[in-house]
Amino acid sequence: MENLANIQVIQNMIYIISSVMFILGIKMLGKEATAVKGNYLSALAMFFAVAITCLSLEIDIKIILAGVLLGGLIGSLIAIKVKMTAIPEMVALFNGFGGLATFLIAWSQFNEPDNSIFQHVLVMLTIYIGGITFSGSLIAYGKLSEKLKLGKGSIVTNVFISFFYLSMPAFIYVVIEPSIAGFVPQVPSYFSIFLVLTLMAGIGFVMPIGGGDMPVVISLLNSLSGIAAAFAGLLLLNNVLIVAGSLVGASGLILTIIMAKAMNRTITNILFVGYASSGQTASSEEQGEVKPITSDDAYLILENASSVLVVPGYGMAVAQAQHVVREMGELLEDNGTEVKYGIHPVAGRMPGHMNVLLAEANVSYDLLAEPEDVNPSMDTIDVAIVIGANDVVNPSATEEEGSPIYGMPIIEVHNAKTVFVLKRSMSSGFAGVQNPLFFRENTRMLFGDAKESIGQIVAEFKD
Amino acid sequence: MEMYVLLGFVLLLSIFLGLELISKVPSTLHTPLMSGANAISGIALVGALMLSSAGQMQDILAFGAILFASINVFGGYLVTNRMLSMFKKK
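For the record, the sequence lines run as chains F and Z.
The numbering used here puts the first residue of the first sequence at 1, with every later residue one more than the last.
The numbering used here puts the first residue of the second sequence at 464, with every later residue one more than the last.
Among the hints, a few may not be true.
A few chain F residues that face chain Z, going by a derived Cβ cut-off under 8 Å, partial list only [what the hints assert, rightly or not]:
hint : residue
1    : Thr102
2    : Asn239
3    : Ala359
4    : Glu360
5    : Glu370
6    : Met426
Treat the hints as calculated values from the structure; they're not laboratory data.
Treat the numbers as computed from the prediction; the structure is a model and nothing was measured.
Positions of the beta carbon are idealized from the N, C-alpha and C atoms, including for glycine.
Turn these sequences into a full structure, and let the hints guide you.
The following block contains the structure:
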């Protein structure tokens with residue numbers, strides 16, 4: 001007996017050490033110079049915490065080995081094989097698996113005899129959050145990988161949304177069930193119904209949210225998976241689970257807030273309202289004519305430009321144009337042009353999406369600038385090249401008070417001397433708002449696939 | 464009960480600590496931070512290892528929890544590392 005107590009003391013001490021390592025690790029992960037080491041440190045912390053837990057096991061070691069080896073193999077394979085353009089959906093998928101793990105942990109705990117009232121509440125809370133994280137992340141995965149096309153307004157979506165609202169009273173019922181058991185007729189197998197409803201609720205939670213709002217949703221699901229782990233820690237009385245889970249919860253929350261701010265919308269508006277019902281009729285008055293341009297003419301203007309700002313958006317990811325964009329940037333620099341990249345925080349489908357793509361293409365990260373760095377000196381830019389971005393460069397956000405996106409901080413490319421907009425067609429952006437930028441005097445539209453258009457410019461430079 | 468209050472306190476403090484630690488992150492690191500934090504949420508693996516083994520159902524649940532948490536841990540750390548190794552200053 002004394003032996004067992006000793007083991008617990010040692011375990012708790014190692015847990016504290018790995019908690020400190022997690023804290024330092026995530027701190028280092030937030031700075032460019034130390035990020036790689038931070039990730040190693042947090043992986044080491046994970047290793048210590050897992051290894052020391054193995055000192056006292058109840059489960060058959062064969063089950064553990066099978067689970068860890070198989071899971072490690074699957075996880076590693078996905079991580080090594082995945083293309084950088086598929087990172088958003090992959091993060092969503094891993095996140096969902098974390099949520100599923102906590103969901104199963106709480107389920108197992110529910111099956112234990114003699115749970116106290118407090119444990120019962122924690123079990124339900126962990127199941128609810130973990131389950132929503134799991135199925136919500138799967139839907140996010142489906143949407144990001146474009147396998148799932150259902151959105152707001154379809155009947156299926158509405159059915160799942162009603163499950164989401166139904167799950168709330170169900171949650172309250174299961175929480176208070178032990179206390180009212182003697183007074184009201186029992187609902188048979190209420191727990192199984194709750195499990196299913198929870199998973200349905202996660203689907204209904206994410207399904208109506210559109211692609212452009214995904215950066216917020218992914219950050220939020222990330223946060224929820226941490227919170228679920230922290231609650232599981234409270235349930236199992238394990239301090240490292242609590243500390244690590246809370247850190248993830250906090251970091252996800254910060255990203256969620258940053259993303260919402262970058263869209264100038266509240267989190268509730270993004271999750272439960274969406275753009276369509278923002279009230280305003282989107283169409284602004286007389287638009288005028290667009291001025292198309294060929295890549296030959298674009299090349300001639302670029303050749304004489306002394307400063308160029310590239311503003312990428314989701315369209316660059318779709319066209320996989322990041323490599324050819326980097327090539328164009330290098331050719332421009334060789335030609336004596338100053339090249340910068342203006343990155344909007346919500347460009348793309350996850351926080352920092354554009355940064356990852358450009359890093360993959362080998363663009364040095366000191367060339368990447370945020371909106372507040374480039375906007376003040378925008379009038380000195382000769383050419384701003386907008387590649388598949390729309391809402392984040394829409395001047396309505398600063399000029400047109402009735403616009404649904406009014407107030408959203410944008411990259412003010414319309415103040416540059418010339419703007420090239422690379423676009424497939426004249427369709428409006430995710431927000432469904434017409435973009436007056438396209439009709440400006442200083443704007444030239446380069447229609448077609450971004451990769452091809454830029455490829456032609458690059459070819460001209462090489463000649 | 465005392466234990467829960469104490470650990471609840473730890474939970475609150477950790478959230479505040481986390482908010483302080485990561486409040487100013489350059490946007491270049493948003494994705495790696497999210498992916499790295501995602502890997503940390505695989506700490507659920509420790510919770511999965513602590514589960515008890517009483518009957519087949521419990522074993523299946525434990526196996527599932529260990530399996531999915533392991534995918535989260537290994538995949539999360541590896542992909543974060545892969546991503547970070549691409550961020551270079553020339």
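Results of checking the hints against the structure:
no.: 1; hint: Thr102; in the structure: 5 Å, holds
no.: 2; hint: Asn239; in the structure: 6 Å, holds
no.: 3; hint: Ala359; in the structure: 4 Å, holds
no.: 4; hint: Glu360; in the structure: 5 Å, holds
no.: 5; hint: Glu370; in the structure: 6 Å, holds
no.: 6; hint: Met426; in the structure: 30 Å, violated
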